[in-house]
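Chemist: Sequence:
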Amino acid sequence: MKTTAISPAKVTSVVSGSIAEEIGFEAGDRLVSVNGQRPRDLIDYRFLCADEVLDLEVLDAKGVSHQIEIEKDFDEELGLEFETALFDGLIQCVNRCPFCFIDQQPPGKRETLYLKDDDYRLSFLYGSYLTLTNIPPAEWDRIAQLRLSPLYVSVHATEPDVRSRLLKNDRAAQILDHLRWFQSHRLQIHAQVVVCPGINDGPHLERTLRDLATFYTGEVPAVISAAVVPVGLTRFRPDQDELVPVTTAKAQEVIDQVTAIQADFQAELGTTFAWLADEWFLIGRRSLPPEGHYESYPQIGNGVGSIRLFLKEFEQLAQDLPEKVATPRTVTWVVGNAVEHAFAPLVSRLNQVEGLTVNMVAINSDYWGQEITVTGLLTGQDVAQHLRDRELGDKVLLPAVMLKQGDSRRPEDTHFLDDMSLLDLENELNCSVSSVTGLSEFIGTCCGSTFSPRPLSTVRL
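According to our numbering, the sequence shown is numbered sequentially starting from 29.
FYI, nobody ran anything at the bench for these hints, they're computed from the structure.
Heads up, some of the hints might be wrong.
Unchecked claim - When the alpha-carbon atoms are kept at most 30 Å apart in a straight line, the in silico DSSO-like pairs for lysine-lysine are as follows:
no., residue 1, residue 2
1, K90, K100
2, K340, K278
3, K90, K196
4, K432, K340
5, K352, K423
6, K196, K278
7, K340, K38
8, K196, K100
9, K38, K90
10, K352, K340
To be verified - Distance windows between CB atoms, simulated:
no., residue 1, residue 2, range
11, G64, D269, 45 to 53 Å
12, A372, V92, 54 to 62 Å
13, G64, P231, 53 to 61 Å
14, P164, V92, 33 to 41 Å
15, D145, L174, 13 to 21 Å
Glycine included, each C-beta is placed from N, C-alpha and C at the ideal position.
Please model the complete structure; the sequences and the hints are all you need to start from.
Modeler: Have a look at this one:
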């Protein structure tokens, strides 16, 4: 593991009405230490700031040092937001997985696209997946001491030789020992298995899922869920990588295999435990499982049940759709063609609103060389290519998952995976283009002020 020296944490915003605002913190200030200790990351910061009395060392935007003493309630937050969650640098990956998306990109794009994250702190804070192959003893001790649980672990295979082959790292063979460590410390993980046909599928996949299920025991199960995800390939992947794409036939085979294993888990464990990502059903041209199948949606971040949850939220929001819009409008909604059929009923319902026309354009990514594409992988070039000769109406709407926000939401600071900016796309299409986050914002943008939804019940996206 290699990190840089701890840098003062740069403040990007201050929460309105917070202690930090009252004191006079401003964006651009830098937090150096809390009670004499330099926080390594957001985890340290939160832990140190839980005290009732804080002595802060702060550098203002001009570089002038200030000592600030604060008295507050225990666990009351200061209200600072930072440029990054890691003040000592990103812990990068030491594996050479042939299916790694980072290595399946063309060269010459923005630097952040090539950072290989394998950082347990981001796993704890944001649910990103790590492999556990780059954690030295001191960091294992920190995980245990601070009770950093659950973490999200890319297992892929529990057989030592198969996992080492996939990760191209001999340390990957220690996965079962690592899982026993979590078990002995009463800490938990969510597991991920990316299925690569011909390598970790078939009997290897069954072995992996059944091995993981042995850790679903006791009051604090070490492994609390597993997601089975199809490998995603692009035309930029390295030559001779052993990988083949998931076909419709392979998807159907995996669905049948895992469904049978799920039935065993339900009988033995009282839970499905291992879930298939929605992509399997889209590729395999099979119907999605019913909503109740997903229990508490423990693997929603892996696209397990995300379509069902999306449609459930729409059903709730649709109850508040207006009969008509104040000003007639036509919008073009761009999504990946993987969800085209699932979202067709949603579009039909929106088009029942008088004066509103929503045209869904479901596209694949020629940029990545994919026939079936999830929305988050669409690039600016893909959108431009598919929309260039269409009548687009008043506005083009893009799910925000397609874009990387800069320091603002200005179109010139918002970029796709191919580095095209939202402003570049607007200029090329000669049409207003907006990104929308979540269904409520999407419907609100379509309907304008005539849409006033009631608060949703507990639906997560």
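Chemist: Of the hints given before, which are not true for this structure?
Modeler: 3, 7 and 8
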